[in-house]
Amino acid sequence: MENLFGRLLTQQELGPDMSLLPQDVTQFAGMAIAGKSVICKRCGTASSCQTVRLEIPAYFCPECLQLGRVRSDEFLYHLPQQPFPRIDALLWTGTLTPYQADISKQLVQAVDQKKQILVHAVTGAGKTEMIYAAISRSIASGGAVCIATPRTDVARELYMRLSKDFAVSISLLHADSPPYFRTPLVISTTHQLLRFKEAFDLLIIDEVDAFPFADNPALYYAAKHAQKTAATLVYLTATSTDTLDKHVSSGLLKRITLSRRFHGHPLVVPKPIFSYPEKIIYRHIQKQRKSGFPLLLFAPVIRFGQSFTAQLSKLFPHEKIGFVASTTENRSEIISQFREGELTILVSTTILERGVTFPKVDVFVLESQHRLFTASSLIQIAGRAGRSIERPTGLVYFFHNGLTKQMTRAISDICKMNRLGGFS
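The sequence shown begins at 250 in my numbering and counts up one residue at a time.
The set of hints was computed from the structure by calculation and includes no laboratory data.
Take these hints with a grain of salt, some might be off.
[Unchecked claim] FRET-style restraints, in silico, Cβ to Cβ:
1. 657 - 278: 46 to 52 Å
2. 413 - 657: 37 to 43 Å
3. 464 - 350: 30 to 36 Å
4. 311 - 559: 37 to 43 Å
5. 311 - 551: 23 to 29 Å
6. 563 - 286: 54 to 60 Å
7. 620 - 447: 36 to 42 Å
8. 306 - 620: 42 to 48 Å
9. 665 - 642: 16 to 22 Å
10. 590 - 498: 42 to 48 Å
11. 478 - 305: 31 to 37 Å
12. 642 - 286: 50 to 56 Å
13. 556 - 589: 22 to 28 Å
Note that the Cβ used here is the ideal one computed from N, Cα and C, for glycine as well.
Take the sequences, apply the hints, and build the full model.
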């Protein structure tokens, strides 16, 4: 029963015997009819009555269908969240830079004051370590904490890191994860927030600019309703969004900025390279391989990435080459092999554009003029290079068949952040 506290569940999730539920459970209709529209009470999406009508006289919500169907003739159920034991959970004994420490202090103050705050920090600034003190403060007061991120790979990466740095069990939630268990620290994909209601004292949204969270009304609705009435909301990003900028301008959100990486070196500025004919790319790969540093290549779409990987394997038979995409079943294993040096070259779609760290890596972007490579995406991809103190520099090449505004904006924004960080 305790695993139901703070959750928002359908009747199918609770099971057939409703008599076992405690008296303080609240129930309400899954959808509300408003004129010619029907509004989902789990994700807030309004749909036309004509398009979501079932064969029986009832409606369903198509937006959050993957989490189980919400119907207008059935109830949603909520059990109030309960406090956790007060414990000192932080195990991490690392040291923050003065810049990181200032951000960390402001986040702890936000927890105490129940404020909303946006941390706009460059890639490689050490955002994860900066949130540790705030997480610890919330857990020490008996609160519930959730770190949500749009990408499953980022959620897994956070889970591995925080499992070592906090002395509490962590519930990891994504589409293929084990069932939820009650714990003061949850790491989830942003879609999983739809399963909670008034549950968290501290909610941290990491990579808030990433798809599918960025400017997604249903997921913003989920984040709002997953918090307690008096709670702290923290957004983390390296590239802000129009929605967040409007909230900052209107005073709804406080922005704090960090323009320096944790190791004190500037961001690696990408170099655009015209890549026709294609053999130009292979010449640069051949030159890069002489350095011995791992090479991460980004392809715009799966099919192109697969064919390029096959061609690489023929041209560089002595290299250990892998490929990952959203459809790769053993993706975590391949990523681990690349991180551990068992693979020397990894080709990826944008699935690895953010939230993962590979020491000493060089980064090449193939067909960077492709429409899927937005300025935000390219900034994140470039940010994979130069992240480790062992090698704070590196190569970032944008191979293209024609410069785009997205490419030039990404390079310009990286140069701007370097200037704000005190680098000429």
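Here's how the hints hold up against the structure:
1. 657 - 278: 46 to 52 Å: 51 Å Cβ-Cβ, so the 46 to 52 Å window holds.
2. 413 - 657: 37 to 43 Å: The hinted range 37 to 43 Å holds for residue 413 and residue 657, with Cβ atoms some 40 Å apart.
3. 464 - 350: 30 to 36 Å: Taking Cβ atoms as reference, residue 464 and residue 350 lie about 32 Å apart, which means the hint holds.
4. 311 - 559: 37 to 43 Å: Given about 38 Å between the Cβ atoms, the range holds.
5. 311 - 551: 23 to 29 Å: holds (26 Å)
6. 563 - 286: 54 to 60 Å: holds (56 Å)
7. 620 - 447: 36 to 42 Å: Holds: the Cβ-Cβ distance is about 40 Å, inside 36 to 42 Å.
8. 306 - 620: 42 to 48 Å: Given a distance of about 43 Å, which is inside 42 to 48 Å, the answer is holds.
9. 665 - 642: 16 to 22 Å: holds (19 Å)
10. 590 - 498: 42 to 48 Å: holds (46 Å)
11. 478 - 305: 31 to 37 Å: holds (36 Å)
12. 642 - 286: 50 to 56 Å: For residue 286 against residue 642, whose Cβ atoms are near 55 Å apart, the range 50 to 56 Å holds.
13. 556 - 589: 22 to 28 Å: holds (27 Å)
Violation of the numbered hints given earlier is absent; every hint is satisfied by the structure.
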